[in-house]
Every structure is written in structure tokens, then in C-alpha cells.
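The residues making up each chain are set out below.
Protein chains: 2
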Amino acid sequence: MNLSALLTSAGINIALCALLSTLYSILRKQPSNGKVYFGQRFAQVQLKDQFSLDRFVPSAGWIVKAWETTEEELSAIGGVDAIVFFRIVVFWKVFHNFFTSSPLSFSLSHYIRLFSFAGVICICVVLPLNYFGQPVHHKRLRAESLEVFTIGNIKEGSEWLWVHCLALYGITFCAFTLLYIESKSIAKKRINYITSNRQKLGLFTVIVRAIPFSGDSYSDSVTNFFTNYYSSSYMSHQMVYLPSTVRELVREAEYMYNMLKSTDVSQCGPSMVRCGLCGSSEKPFTILSRRLYSSDSDDDDRRGLAEDLREQECAAALVFFRTRYAALVAAQTLQSPNPMHWVTDIAPEPSDVFWTNLCVPYRLLWVRKIGTHLGALLLMIFFFVPVSIVQSLVHLERLKEKFAFVRRLSNKRNFIFDMVTGYLPSVMLMLFLYAVPPVMSTLAALEGPISRSGRKISACHKVLLFMIWNVFFSNILSGSVLESIDRIQSLTDIPLKLASGVPSMAVFFMSYVLTSGWTGLASELMQPFVLLCHWLDKTIFLGKGVVSYDPLTFPYHTEIPRILLFGLLGFTASVTAPLMLPFLMVYFFLAYLVYRNQFINVYITKYDTGGLYWPIAHNAIIFSLLLTQTIVLGVFTLKKAKYSSSFTTTLIICTLLFHFYCRQRFF
Amino acid sequence: MNLSALLTSAGINIALCALLSTLYSILRKQPSNGKVYFGQRFAQVQLKDQFSLDRFVPSAGWIVKAWETTEEELSAIGGVDAIVFFRIVVFWKVFHNFFTSSPLSFSLSHYIRLFSFAGVICICVVLPLNYFGQPVHHKRLRAESLEVFTIGNIKEGSEWLWVHCLALYGITFCAFTLLYIESKSIAKKRINYITSNRQKLGLFTVIVRAIPFSGDSYSDSVTNFFTNYYSSSYMSHQMVYLPSTVRELVREAEYMYNMLKSTDVSQCGPSMVRCGLCGSSEKPFTILSRRLYSSDSDDDDRRGLAEDLREQECAAALVFFRTRYAALVAAQTLQSPNPMHWVTDIAPEPSDVFWTNLCVPYRLLWVRKIGTHLGALLLMIFFFVPVSIVQSLVHLERLKEKFAFVRRLSNKRNFIFDMVTGYLPSVMLMLFLYAVPPVMSTLAALEGPISRSGRKISACHKVLLFMIWNVFFSNILSGSVLESIDRIQSLTDIPLKLASGVPSMAVFFMSYVLTSGWTGLASELMQPFVLLCHWLDKTIFLGKGVVSYDPLTFPYHTEIPRILLFGLLGFTASVTAPLMLPFLMVYFFLAYLVYRNQFINVYITKYDTGGLYWPIAHNAIIFSLLLTQTIVLGVFTLKKAKYSSSFTTTLIICTLLFHFYCRQRFF
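As given, the protein sequences belong to chains A and B, one line each in that order.
Per my numbering, the very first residue in the first sequence carries number 1; after that it's consecutive.
Per my numbering, the very first residue in the second sequence carries number 1; after that it's consecutive.
Hints are supplied without guarantee of correctness; some may be wrong.
If chains are identical, the list can't say which one is meant, so a pair holds when it fits in one copy or spans any two.
Said to hold, decoys possible - In silico DSSO-like links for lysine-lysine, alpha-carbon gap of 30 Å or less: (1) 639 / 200; (2) 184 / 606; (3) 640 / 184; (4) 188 / 369.
None of these hints come from the bench; they were simulated from the model.
Computed from a prediction, not measured in an experiment: that's the story for all the values here.
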């Protein structure tokens, strides 16, 4: 791929972005789309339904609004998680972006001083060095192969490689400082989050699972156990019940009723989601308890109902304590000599509890865990097939010796060829990748977490590993394999393969940043799928709510891995192929605006982990640093730069030490 | 090596064993050696000093005594750790030994029924099958190469390999049952250990490290912190002090005093070891506190002394609580938002505390940990050099094509050659290995554990890893490398290398069992080094205690890895080279007797981990099972036995599931 192919790809994506955001700025003003674009404050905002020309003129008001939102406002809307998310975005953005300093300066002024330095070095010093690395005659810039901008263009044993080494040092130590400061600030935020919410129900409650059956019922077991061992602090408990057939019927009837009557605005919102244990509505409870304690019901009926309730009990309960300290101690200490009985955890907030998983027998959880890990692993492995197909398109030029039709296509060397090699592969990869987060989320739910946020964190881990392996490694390795047509001989070859692969694959990743990054953001803004569902619902199903759904929570498990993957690409490219940095800068800048807008307007916040996504980001950043250093070490070895190699080895050791320190200090 | 070489080695070792145990049975009756052989009950036993012929006649009374000791007596002498140790020995012994059933039947009758079956199969069915595996003409039994007794002798694609597969299944499932029952029983013992000692000081005490300095002194910080947060349960605290120069002088003076006066029986024993904080004697404390609180000392003096004490304070303290529950809660919860301040641990027993490590600044511990791990790793790697030398001796026959002097030696094919190939390599390996446990123990101490037992557990881990890697893997791999003279190409070759290596290396391991196992046990019984020191001290230094030392605690960190290594050898050999099993049976039988004798008579017990060595043994056994299965799978693949391979794969999955279950259930 040469510069013109890259520009084609960039052109298409910029056009798409512009189109989508124009559409968005018009569509958001239509009152009928309010539910799609203003889920967060649907109750507050009431768009005027009267016709005016202003409704069809594109405007940039949302950008200003997103820009002006302060961190305090964001925290009020999205909780600590939103702040952590933006810290991750800003980490990368500031890292690669030294232009925008004014609106962020309230908290980041001292980073900018550090990171403008790193950015300047990579683009102003490393890039020209790469370009003039070999004394060859340069073609016209437009037809220039993009590989002359990478470190691959520097000739063997060149003395200029120490500049790359120095740039790597600069970047690494800036990253260390930034990570340390951010981790410290987020730790403080997390403590504030825990200490400030003194009245939170979850902090007084412990979820007990795997209650051994003794005596009459699980409920009696719980009462006996906690009055015995926690007599001073135990208050009461609530058993968790199995969803019975009657309740299923009630639920279905309610669903039918909702379908039949037209959608009512007052019914939307969180009230529908929060009710009920085990996914059933709260009504049966009310009825049952009213009947149980009503004075006019006869004794037989009451006994029968109590018997019925007892049979539906799960081996799980919510135990309420008088103080937060007692609840914490009960949750953190081992309750029984057999660690598979009386398993206690601090309870999530009511809206965060994953009710259906509470009824899963605890002794099955380890099997489920192994099963889901295996499932995720298999998905990772078999995803290699579509990735290989994508790669064969990128390396079309190399395949043309073999296949006649490719040669014919490439002989024309026109717009279509540029599009096939430049744009199609990353679109395909993006489409394949869209299927992954839902699958991983299902797997994470099967794993048996007791909270919805726990499921999201688990899914986030899985998606991140998947992305790093399938987008980064298998692309580079399969690309390298196709290049040198022979197989990878042994594990020790991998760093060298990566070293030769990364600079040449940087071109593909640039195009990936354009499609998955830029256009992905525009489509996130536009929400085409939700919009389609909403329209279908309005036009065909006449507002019966068949395909549209309630406002969603922010998909951290999709977006955090994506941001971290782009960060990884940025790190690995920073020294080897600095041409990618401008594209990433634009991406992070757009991401900052778009996600702010989405947080303010679209997504609702039902639960908050209190900043538990940060360790994932921290580890991913450390991994990116280590990977970058290993790749650069490989390049230095290939280029026979002895001193630079040994200095890079020292840097790897420093990074490991920093990681161990942070793990001890913060996590 | 053929059968005659093996018999030579066996002969030498049996002779050595007989000699050493005869010597032992005579020497132990000499009153002058009482301190060497009866350290455990030196105070109780007073051997008669009068001359009688009986003193010089070898006898087997100690064997009977060791045999008759019950588990209760052992527990009273050596604590839970001793029981765990014998459970490990008996696990292997019973596993390979189906003859001795009477004295163990009190607790093991149901295992014996299981394992006699496994033992019978391996020797009576698998061994003949191997021997007649290929339709070749067998030489005279004496000159037969030992490799015809291994699985390597079975011809490719043979249908008899399912017998091996079946035997492996039997062994694995018996091991599962045994492990499960043992883990359960040891968990019960551990709970008993904790609950029965209601008055143990350690359970009321918490060691606090990394106390932040605030106000006047560390002591004030502790008082403020614990009266603030644990007002109802906090009782008092004792600071840990730096060893100052004055105390050093006191200690040296005391040492000189001990040197100058002749050894007094009443001074020996544990009282000398337990006294003092930070390795210094307890006297300075007494003096200082007496002077501090005495009524006749003037105020200036007191203030000066308090100042002096304050300067010597470490950032560590022992905090005493009113209840065990409060101490446990304080030890298990996080005390401060910064996890590197106010680090709490439940305190070890007074004799178990590693005083010098308490003064190590907590913030340095992670660096020390990394450093010691690296050190252990380097030792493991560079130990490859002596192992290679040893291996070249075993494979002398294969080297004779290259070196003339080897050919000349081997042409004579006499007793010397048998000795060089059969006996010398394992003696050399054993001598090299003797240096390892002290080094690992030093490294473990540097790592910074707060208890002596913690140091031993850490050293045990390190030595075990070292042994498994250096005795098992590097011997087999370097052996295989020498055989096929080419290098290992990639990681995937390793299972196949192991599969071809284990059966042929079984011969070397047999000889290793003979020297390191049998003779090692005899020398453990005889204690030649301690005896030598004792004699030197008596004859040359005239009882001044220059080279002799106080009775030692049992070296778990040396003996548990050795037992586990022999178990690993037994497992891997059980199906592939069953000829090794009889040697191991004898070894475990001897070990059972010798270690019992040593526990009863020689070693003293100062501290007890309460059974924390069992998880190490459990994991090592699971690893051995997995390794055996992998090796057998490799052999089946080499022999092209499809069905057996797939059945073995199933077995590996079962083993992994069992491991995950046990980890959840017990640890």
C-alpha cells in the first residue's frame, strides 16, 4: 500500500464521519428520536414538537456542550467509572496530542509539559530520520510506499538508532509518571466513593451463598448461623427464591400486557428494570406476604403458602447487618472450615445484583468458570480464520504472482484496487469484531458473577485479550508468515517476527484506525442500529415496543478494550512508525468529544464499580510498554545496534520493576 | 548400563547402608554421643556411663521403637508438621508398597486395598509385557540391557499398549482418592491445631509493619492508631528495637563467657535460642526498664534513656488484643488506604518469629523478593553445568566413538567401568545437591519472611523447584540431547523428547534412588557431619563449643523436596519402567523407619506451621501425575497407539479438573 491508498482510505472515512455526524446533528433535533439520543435525561428533556427550519440545519452545539462538561458533572452522571473511562481516553489523548491544552489544563497541565516533548520527538525527529534513513532516491511523495516512513528504512548498523532508543526512554518514563499520578488519584477517588456513600444499602449487606441445608429450611440455617456467630451485629435476612412457574406466568402476562397497550412514557426508565428478585416482578412477593400476614386468611392456607415458599428457597440469602464494619468483616473472613460452604461476599447495590446467578449452586461455579474460559479461548483461536482472509487482502500485491485474477486487478492499479487493499480489509475485520463483545458478555454471565458490573469487568477482560491477540498479534504474525511464506519455527523467533512485522504492518493499522476508530466513533454517535429498531417499532409495530429497548448502560466492555487497543497500537508505532500518531491523535480527540456527548445524553448509569476498570487499563498500558520495548529491541537486534539493544534491555527491567511496585502499592 | 552395572551399584549401596546403620546402632549407645543422637530428649535420657559389652554389639532396637510409635505420640513430639511429613512418606510408600500392611492398618487399611491393586499391575503385568514386547532373542538375564524392561521395548502400533493406559488410569484414580482423603484429614487436623490451642500467644497478637512516623515516635503512632480504630479490643503493644552497638557488645561478651567456661549441660537446649528481640539477649531490656521505672534514678537519666530507646525503634510492633477474633480481623483487613502502610499479619509463635526481618523496611521487601527469586533462578540455570558433566559419564558408551581413552576403558568392560557409569554419576550429583538447600535457605531468609517457619516453607518451594528441574528435567533433556546429538528445535518437541528420554533414563534414576535415597537415609541416620563436629569439639577444642551446635529443627526444606522428587520418579517410572518400583518401595520403607527414629530422638521442634507443607506436597503430586500422563501420551504418540493417546488426553483433563476442585475445596 502506498500513500495514495492510505489517502483514499482516509478520504472515505472522513466523508463517512462527516456524513454521519451531520445526520446526527439533524436527527437529534427530531422529537421522535428523543428516546434514542436522550435516554439519559429522557424524563427531563422535552423537545418541542413544532415544525421549524432550524430542526433540519446541521449544527455543532453538541460539540460545545460536550467540551464544556466538567469532571464533576460527569461524575454526577456516570459515577467513578465514567471518570476512569475518561482518564483512560485522556491518558492516550494527551500522550499523543500536544496541541490541545486549554480545556484540560485544569488537571493535566503538568502532563502536557511532559508529553508535548515526547510527541514532538516522535514526529519531528524520528519521522524524518526514518524517511532519510537510506540514501535512496525518493519517488514522488504521493506514490511513495508508506514503509519508507518506518524504522525499517534505516540502514543496518546506523548510528542514528540511538535517537530511537532515547525517544523510547522519554516515552517510557513519561508513561511511568503519568501512570503513577493517575493511579494515585483514582485510588483516592475510589476511597471517596466508598466513604462518601455512608447510607448505601450494599455496604450493610452480605450475600451468602452455598448455605448448607440443616433443619427445616435454608432460612432457619441462616438465622441460626448468624444469630450464633454475629449476634451483636446481625439484623435480618432475605432469602433468594427460585423463579417458579406461577411467577413465570405472571411475568409473561405482564409482558403481554405491555405489548398490547401502547407505549407509555411514564413506564420507561429504570423502574421497570429494578423490580423483582430472580428476574420476576415484585408483585408476587407483595401478594404472598400480604396473604401470609393478613388476619382473615385461615391457618391451612398460610401453612400451605409458607411450605410453598420454603420449597422455592435457593441456597442463597442477603444478610443485613447493623454496621458497615460488621458486614465487611463477615464478607472478608472465612465462615466455615469447608470453604465451599457459607461463601460470603459484600453485596452489590440493588440495581447491580445479578439475580439469576444467585440461584446457581456454588459448587458448580468452578466448572462454569473453566468452561467459559475454555469457550473464550476457543473463540480466540478460531477467529484466526477470518483474520487470515483479511490479511490475504492486505498482502494482495504479494499474492499476485500466484493468482491470475489478482494480477489482472492489480495491473489496472486504479481506485478499486486501492479500495480493496486499503479499505476493505479493515471494514471486514471490524464487522467480524462486532460479533465478539456480545458473545463474551454471554460467556461472562455464564461464569456466574453476582453483580452486573462484575459481569462487565469479566467481559472487558475477555474482550481485551481477544482484541490484543486477534487484532494485533495474529495480524502481524500471519502477515509476516505470508511475507516470508514459511512457518514460524520456534518461540524464540516471535520477537524477531514481531520486529520485522510491526513496521510493515503499521500501514494496515493506520487504515484500521481510520475505519474502526474514526468511522466507529461516528456510528457510535449516530447509533444506526438503535435508530433502526426505533423506527421499525414506530412504523411497522406501531409503538408496541417489539424491537426497541430501554436505554442501555455504557458498554464499558466494548469501549475500554478498543481504547486500550488503540493505545497499544500508538505505543508500538510511536518509535517504529510515527506516521500513525497523527491519526491516533485525531481519534482520541474525537473519542473525547463523542463519548462525553454519549455519557451526557444517551446512556443511563444504573451501577458503578467505583473505578475497578482502572487496574485493567493499568495492566494493559504496562503490557503495551513492554511489548513496544520488546519490538524495538528486536528491531535493534535486526539492525545490529549493540548499545541501543542493551539500553533497551535495561528499560524492560525498569518497566517490570515499576509494574511490581505499582501492583504492591495500588492493587 | 546393563543389569550387572545396576547390581554393582545396588551392592555398593546396600553394603554402605548396612555399615552405616551398624555403626549407628553402636554409636548411639555411647554416652558421649548422646547430644548428637538424642537432641530431642537430651534432658530426659541419661545413658549409663559404665562399660559393658552390650554397648558395642549392633542391635535393631531402634527399628522396633520407630515402628511402634503411634501417630499421637509423633504429633506430641513434632506437631502437625511431623504428621504431614509422614503422611507424605506414607502416601508414596503405600502407593508403591503393598507388602507391609499390618502396622499401618490403623489408619490406612482402605488405601492398601486400592494400591496393592495398582502395584500388582505395574510389576506383574506391565513389566513382563515390556520384556517380551519385541520378538527378539533375549540375552542372558545378567548381561541384559536394562532398557528391555521399559516401555521402549514394545514395538510400534502394538495392541498391548492399552494395558499401560489402563494401568495409568488405575494409578491416577487411586491417587485422586488418596489425595482427597488425605487433604480432608489434614484440613481437619489443621483446624484442630488452631482451635485446640486457645491460649497461644500468637493468636492474640498482630505484627504491624510499615508504621508511618507521626508525632513523637512510632510507639505513639501505634497507640493512637489502635486506640482510635480498635478501642474495644486493643490491649497493649511492644515495639521492636534495632540491635544497637551496646547490645552487640553485650551479646559478644555473653558469647565469650560461654566459650571460656566449660560446656554445662543445663545451659543447652531451647532456652538459649528463644531469648531476646532482634537477636540480642533479653537482659538489656530488663536493665533498661528497671532503670526507667526505678524510683531512685534521677529524671535526666530517665529522659535520656527514653530518648535513646525512641531512636532505636523500628517501624514494627507487636500489638496485643483482648480476643483472638479481634486479632484475626485486624490481621486480615486492610488498615490504610495506602496498602504499604500499617501492614498487619497474625503473629507467629514467640519462638517462630524471625526477629531480624521485622526491622527490614517494608517498602524494600518487594525488591528483595524479586532479587531472591532471580537468585534462585540463576542458581537453577547455572547448575546445568555440573549436571551435564554427570550426564556425560552416564552416556559414556555413546561417547566412546569420539574419545580414545573412553574406548580403551570401555574395552576392558570391567568392574571399574561399571562403577564409573553406574555409581559415580549419582554420587557426584548428590554431592553437588548437598550445597543447594543451605543456599536456598539463605535466599529465603533474605526474602524477608516474619517467621522461621515461613522461611522454611519458602526454601522448601525453592528447593523443590530446583530438584525437579535439575534432577529430573535437565538430566532427561541433556541425556536425550546427548543421545540424538542434535539440539532441541522447539518447545513442542519437549514432550516427545521426554517420552523418549524417560524410559532410557530410568536406569540412571534407579541408581540415583540407590545412592541418594538409600545411602542418603543411612547417612541421615548416622549424622556423620554432626558427629564429626561433636568429636572435634570434644577432642581438639576440649568441649568449648567452637564447632558443635545446639540440636536442630527438622530440615523440612531438604527432606520434603527429596521425598516428593522420589515420588515424581516413581510416578513417571510406574508405567514406563516399572523395574524402578521395588527400589523405591524399599526406599520409602526405610524412610518411614529412619525419619520416625530421627523425630523421636534427634531433632527438636521449636515451631509448627500447622500443616502448611501439605499444599506443597499436594501440588507436587498433581504435577507428577500430569507429567506422567504427558510422558505416557508422548510414548503412545511415538508408538502410534491412537486410542490409548486419546484416552490419556481425557485423563489429563480429569486431572486438571480434580486439581481445580481441590484448590477450591481445600486451599
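Copy assignment of residue 639 with residue 200, given that the CA separation must stay at most 30 Å: neither (59 Å within a copy, 65 Å between copies)
Same-copy or cross-copy closeness of residue 184 to residue 606 [CA-CA at most 30 Å]: within (26 Å within a copy, 44 Å between copies)
How would you label the pair residue 640, residue 184 (within, between, both, or neither) given a Cα cut-off of 30 Å? This pair counts as neither: shortest intra-copy Cα distance 40 Å, inter-copy 59 Å.
Within, between, both or neither, where residue 188 and residue 369 count as close if Cα-Cα is 30 Å or less: between (32 Å within a copy, 28 Å between copies)
The earlier numbered hints that this structure contradicts are 1, 3.
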